[in-house]
Amino acid sequence: MTDKLLIRYSYNIAANDFIAAGKGSSSIKNTLKSMGIDASTIRRIAIISYEAEINLVIHSYGGMLHCDLYENKIDIITEDKGPGIENIDLALTEGYSTATESVRELGFGAGMGLPNMKKYSDDFDIASSREGTFIKITVLLQEV
Amino acid sequence: MKILDFADKLNLDPLYEASKDIEVEGVYIGDLLSIVMSKAKKNYAWITIQTHINTVAVAELLELACIIVVENMEVEEETLDKARELNIPVFKTKASAYEIAAKLYEIGIK
Ligand SMILES: Nc1ncnc2c1ncn2[C@@H]1O[C@H](COP(=O)(O)OP(=O)(O)OP(=O)(O)O)[C@@H](O)[C@H]1O
Ligand SMILES: [Mg+2]
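Chain order of the listed sequences is A and B.
Per the UniProt record's numbering, the first sequence starts with residue 1, numbered consecutively.
Per the UniProt record's numbering, the second sequence starts with residue 1, numbered consecutively.
Hints are all accurate, no fakes.
Calculated pairs, DSS-like style, for lysine-lysine (alpha carbon to alpha carbon, straight line, at most 27 angstroms):
hint, chain 1, residue 1, chain 2, residue 2
1, B, K20, B, K39
2, A, K73, B, K42
3, B, K39, A, K33
4, B, K94, B, K9
5, B, K41, A, K118
6, A, K4, A, K73
7, B, K20, A, K23
8, B, K39, A, K23
9, A, K73, A, K136
10, B, K41, B, K20
11, B, K39, A, K136
12, B, K41, A, K136
13, A, K119, B, K39
14, A, K73, A, K23
15, A, K33, B, K41
16, A, K23, B, K41
17, A, K118, B, K42
18, A, K33, B, K2
19, A, K73, B, K41
20, A, K23, B, K92
21, B, K42, A, K33
22, A, K119, B, K41
23, B, K39, A, K118
24, A, K73, B, K39
25, A, K118, A, K4
26, A, K23, A, K119
27, B, K9, B, K110
28, B, K42, A, K136
29, A, K81, A, K23
30, A, K118, A, K136
31, B, K110, B, K42
32, B, K42, B, K9
33, A, K119, B, K42
34, B, K20, A, K33
If we take Cβ atoms under 7 angstroms as the criterion, some of the chain A residues that face chain B in the derived model are:
hint, residue
35, A21
36, G22
37, S25
38, S26
39, I47
40, Y50
Bear in mind the hints are in silico, worked out from the structure with no lab data behind them.
Yeah, the Cβ is synthetic: ideal placement off N, Cα and C, and Gly gets one too.
Produce the entire structure from the sequences given, and follow the hints as far as they go.
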């Protein structure tokens with residue numbers, strides 16, 4: 001077991017940019033695919049990174065999406081510039097959402113993003129203040 | 001069943017027929033993206049009333065077979081541009097999600 005960071009992929013995520021939303025996740029998925037990582041792990045990472053990325057677009061003032069690759073795990077990390085999550089337990093509750101009517105019309109706001117991210121992770125870390133939210137999600141890689 | 005065969009049997013209007021004719025392995029109906037994200041799987045046809053550009057991002061990430069827009073909803077041009085860019089087939093129909101699901105059952109996709 002080693003936890004030396006092999007490589008970090010980073011994407012700048014702009015608030016309210018629905019056209020670009022998903023690009024970071026798509027690029028992560030294609031990179032992992034070309035590395036020959038198994039399909040079920042890629043599916044989990046795609047779900048996690050997409051939900052994380054979309055949350056930055058919808059709920060934050062913008063931030064970064066990172067994918068850190070280690071020998072035996074992948075971390076998906078987001079850090080944004082605020083406004084933060086007031087009550088993290090509540091935000092992690094299935095069905096809880098503060099999404100506005102206009103983004104709900106686009107299909108967002110089921111309140112399932114954070115619960116899904118947690119469900120598909122092996123390890124889930126979140127910290128938030130008014131200055132921003134930091135999320136780190138770990139997915140372990142299967143031994144080959 | 002192959003996608004073109006499937007679209008033909010269901011009488012779907014192609015808005016963008018991608019250059020792939022893959023096997024449809026399942027179907028998911030839903031309009032809330034984060035629920036679709038966790039339920040729809042690779043090579044599933046996705047039936048929805050959503051027409052927004054982000055549907056294509058979801059389909060691409062999950063490697064869905066196609067998007068079927070029901071209830072004759074108008075699909076934005078930027079959605080189709082994205083579909084062309086990412087090679088995701090998009091079909092449209094006047095039928096409701098229920099009618100399409102019933103037809104799917106009839107033609108043997110269960
Ligand atoms: N990066 C963030 N910054 C500020 N608030 C956030 C952030 N991410 C999530 N939240 C808050 O947590 C709530 C729950 O997030 P979650 O992703 O579970 O649901 P949602 O984004 O509202 O809907 P869905 O993800 O199902 O489309 C959000 O409605 C929002 O209030
Ligand atoms: Mg969300």
